[in-house]
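*Asks:* Line by line, the protein sequences give chains A and B. Mapping of the first sequence onto full-length UniProt numbering: position 266 corresponds to residue 266, and the numbering continues sequentially without gaps. Mapping of the second sequence onto full-length UniProt numbering: position 265 corresponds to residue 265, and the numbering continues sequentially without gaps.
Honestly, the hints are just simulated from the structure, not real lab data. Heads up, some of the hints might be wrong.
Ranges of calculated distance between the beta carbons of each label pair, as one might list FRET restraints [as the list claims (entries may be wrong)]:
1. B/Leu483 / A/Ser132: 56 to 64 Å
2. A/Lys36 / B/Gly246: 32 to 40 Å
3. A/Ser132 / B/Thr248: 41 to 49 Å
4. B/Arg316 / A/Thr97: 35 to 43 Å
5. A/Gln23 / B/Asn341: 57 to 65 Å
6. A/His445 / B/Arg252: 51 to 59 Å
7. B/Arg252 / A/Gly427: 56 to 64 Å
8. A/Gln127 / B/Met343: 38 to 46 Å
9. B/Asn451 / A/Lys36: 54 to 62 Å
10. B/Gly22 / A/Asp213: 50 to 58 Å
11. B/Lys402 / A/Gln23: 53 to 61 Å
12. A/Ala88 / B/Arg252: 42 to 50 Å
13. B/Ala365 / A/Lys44: 33 to 41 Å
Bear in mind the structure is a predicted one, so any value in this text is a computation, not a measurement. Heads up, the beta-carbon is just placed ideally off N, CA and C, and yes, glycines get one too.
There are 2 protein chains.
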Amino acid sequence: MQNWLTKRVDLTPERTAITYAGQQLSFLQLSQAVEKLAQQLASKLDDNPRVAILTTNTLTGYEMILALQQLGRTVVLLNYRLAPTEIAYQLNDADVTQVLQTDSYTESLANVQQLPFSEITAAPLAQVELQSNFDLDQVTTIMYTSGTTGKPKGVEQTFGNHFYSAVGSALNLGLSADDAWVAAVPIFHISGLSIMMRSLIYGMEVRLYERFDVKQINADIINGEVTTISVVPTMLKSLLNELPVGATYPSRFKTMLLGGGPSDLATLNKAQLAGVGVVQSYGMTETASQIIALDPKDALPKMGSVGKALFPVELRVAHMTTEGVGRVQVKSPTLTVGYLNKMDKYEASFEDGWFDTGDMGYQDAEGYLYLVGREGDMISSGGENVFPNEIEDVYQQLPEIKEISVIGVSDEHWGAVPVAVIEFNQGQQLTHQALVDFGRQHLAHYKVPKNYYRLTNDWPRTASGKIQRYLLQENTNLDDKIL
Amino acid sequence: MQNWLTKRVDLTPERTAITYAGQQLSFLQLSQAVEKLAQQLASKLDDNPRVAILTTNTLTGYEMILALQQLGRTVVLLNYRLAPTEIAYQLNDADVTQVLQTDSYTESLANVQQLPFSEITAAPLAQVELQSNFDLDQVTTIMYTSGTTGKPKGVEQTFGNHFYSAVGSALNLGLSADDAWVAAVPIFHISGLSIMMRSLIYGMEVRLYERFDVKQINADIINGEVTTISVVPTMLKSLLNELPVGATYPSRFKTMLLGGGPSDLATLNKAQLAGVGVVQSYGMTETASQIIALDPKDALPKMGSVGKALFPVELRVAHMTTEGVGRVQVKSPTLTVGYLNKMDKYEASFEDGWFDTGDMGYQDAEGYLYLVGREGDMISSGGENVFPNEIEDVYQQLPEIKEISVIGVSDEHWGAVPVAVIEFNQGQQLTHQALVDFGRQHLAHYKVPKNYYRLTNDWPRTASGKIQRYLLQENTNLDDKIL
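This is chain A alone, in the form it adopts within the complex (with noise of 0.2 Å):
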């Protein structure tokens, strides 16, 4: 297939290709941009294949993952938000022997030359040949994962998996000349590189925030700049609740797709009375993004579900248990080729051909896909699975807890058992008595937590937020028991 920048500059030179800070380029200005960095890093870079980049939302950052790309190289998107040993790991896993860096980044990392951008904005033009072709098959970007469950893993990623990964979104939620999609989550994440890529498919036009701007981002929607946004649950909440009571989004703005977490009931009526469709989704770094997605106008009567398996995508259930939940597997053309240095590890995710998630769930009689929890948060008590998810959730709905974690110890006589670690709201709390009873009113009694314990430290959290669970069992001072 053609270079897809060079395409677009073909196909639509003047149609905007994206908007930063007041700054607006067509496709024919950002390709032009690109061009001339990449000119510019060809005098900057030695030979590796591979190149990392650190960076946040910016009109630079956005425009060197291009020219890395129009470079052939493969383009290590490495989490801004890593600590030095952490991004140490991936360079050395990668590979890596440079790093291009915001020029805000400022720690040191060992055994890489860094590059800030200004240096090589400021640097000569040298001759280079762009990529005229994108080979489907050719891994172009390289993402770890956050890895709740261990090391991480650098997922490989090809031309053919984001390609495939825009037509199936563009199959689901539909295609307009005039569509306008805001990446205020991060570029280095699949959410947002994700957005840079159908950007280049579709000839779309991104509205790139480098920070999640709530006032800002709620104005330029009610402003009808935009037609679609990618969400976490927090930002969706947060973009409704900043909306002034009453006040409807326009007609232009279509989607919210949320990622990372099925959303509340309240917080979709809130969308509902904006007049705005939520699009709930499940996908991960290894799938390019979402592969399976709720319709809007299914997302009150199938609340918690997240959907239905995108067009290029199939999903089965394995492994299921007399209730139906089992291994969440699928195959899809997004699927990456492979895990950096862990060639055994990927091929490990393998059964018959579908790839498994790690994920558990069940599938209702029409099909809908409802996650229960990761495979190794499973709980197995007394012949009975157990998965936190679901209890968190309840206890969630108590106003005196800010967040709850639940978690398996084992158990002479049960196998395992569940206990919770609760962080409580400022000045609130509540006794072992008080848990166990409001458990009782809305679980089985075998999902109940056997024991309550008061949070001493700091969550342990992935890069990315969630709280890895392995970590706790392991880390936490479970002393701090709840009488």
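Keeping the supplied structure of chain A fixed, place chain B upon it in accordance with the hints.
*Replies:* For chain B alone, coordinates are given in the frame of chain A:
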């Protein structure tokens, strides 16, 4: 990829799949009807992996094609208008043993079993396993090219060809859940079949018409029933001419996708006044429909152009003359994987991996493609390349001329010279001198036909109505010279 029809039942069971003569079927209903037909077919079909079908645009014909596809058979789509000897050639070439035919077909075909639809729909149900997956590399349909230059060739189209065709079209025209596409072009041609395949891939309503009933179709468009229609030039003209003066189409109606030749200025102006975009396009059976298209906003500034290559398609003009005219060559994932039994011809169509379309054309400075004619039609006269189309277009402006075709005849001095065969309008004629004088006003000297002949027989045409110039040259009596 999962079977597209069953996938549609999973994703959008209630959405309308097809409307025909007042009947409306959802994807669930269509799937049930198709599955029943497949079970009935199973009790009638032999083991031949290829099955031919002879049908006009009827609901039963539509369902039969899908049923054969569900059974994993390769569907040989026969042109209903062909003579029995022409059909016999294709049946023999494709090694077909059974032909499903609409009941109104009354001709006898040798060496095959003819199965009228009514016999199939009355057959008992047999157990069958429907194809669970559509392998993108699998040949699912075969269509014979109309052959302006020789024996028809069986074009093998894979699921992948149809998938990428639908994707390329969506990336160009956009996509919406409420799209509805008129299929009044034959479903045995790629123009019609590609609408059927898009319907499965997009989850889109097809509005099927057995005949091009201009009044009914215009009424349905005005009534807001559809968003898109595929047309050839005469259909486009008829629709716009029948529209009451001052009337406009509703905003829901977005696109008239024009194939089979360019439009004229008057028609484009009418379309603009009627408020609908005309997307002129270029494609062929070998590319599973359109691969090049002209944005409606470019229709007037780029008059005469067929546009630019769709997103998944690459285009080049090779072996250019000094004026930039050359062979139109393409790369496309929609490109046929072979000509049945004529792989030598197929392979001979490629140059450095580019498929040679057999058309001649040029690109302007902004990359828009203009076609000047078929390679075989080009006349090499005194070192100049002369294209019949250009000359015909000029003479076609004369009100006395009903139709004109220009061919080359050998000439001792110039190598070859253009001559014209003319069909005058009833009671009209022009002298040799008048024709020469008119030509000299509008054309370079060497392009003005040396001699003019009155048409003495019928025009030799392909099944799709194109004049076969090579037969004109060989067979037409060129004695009735205009003096």
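*Asks:* State for each hint whether it applies.
*Replies:* Taking the hints in turn, this is what the structure says about them:
Restraint check, leucine 483 of chain B to serine 132 of chain A: a C-beta distance of roughly 57 Å satisfies the suggested window 56 to 64 Å. For the pair lysine 36 of chain A and glycine 246 of chain B, the supplied restraint of 32 to 40 Å is violated, since their beta-carbon distance comes to about 52 Å. Here the CB-CB span from serine 132 of chain A to threonine 248 of chain B is close to 44 Å, well matched to the stated 41 to 49 Å. In this structure, arginine 316 of chain B and threonine 97 of chain A meet the distance hint of 35 to 43 Å, their C-beta atoms being roughly 38 Å apart.
Checking the proposed 57 to 65 Å range against glutamine 23 of chain A and asparagine 341 of chain B shows it holds: the Cβ atoms sit about 59 Å from each other. Remark: the range hint 51 to 59 Å for histidine 445 of chain A to arginine 252 of chain B is upheld by a beta-carbon distance near 57 Å. At about 58 Å, the beta-carbon gap between arginine 252 of chain B and glycine 427 of chain A stays in the expected band of 56 to 64 Å. For glutamine 127 of chain A and methionine 343 of chain B, the hinted distance range of 38 to 46 Å is satisfied, since their beta carbons lie about 43 Å from each other.
Our hint of 54 to 62 Å for asparagine 451 of chain B and lysine 36 of chain A holds, since their Cβ atoms are close to 59 Å apart. Restraint check, glycine 22 of chain B to aspartate 213 of chain A: a C-beta distance of roughly 54 Å satisfies the suggested window 50 to 58 Å. Range check, lysine 402 of chain B to glutamine 23 of chain A: about 59 Å between beta-carbon atoms, so the 53 to 61 Å window is met. Separated by about 57 Å at the C-beta atoms, alanine 88 of chain A and arginine 252 of chain B break the suggested range of 42 to 50 Å.
Judged by the Cβ atoms, the range 33 to 41 Å given for alanine 365 of chain B and lysine 44 of chain A holds: they are separated by roughly 34 Å.
Comparing the model with each earlier hint shows violations of hints 2 and 12; every other hint is respected.
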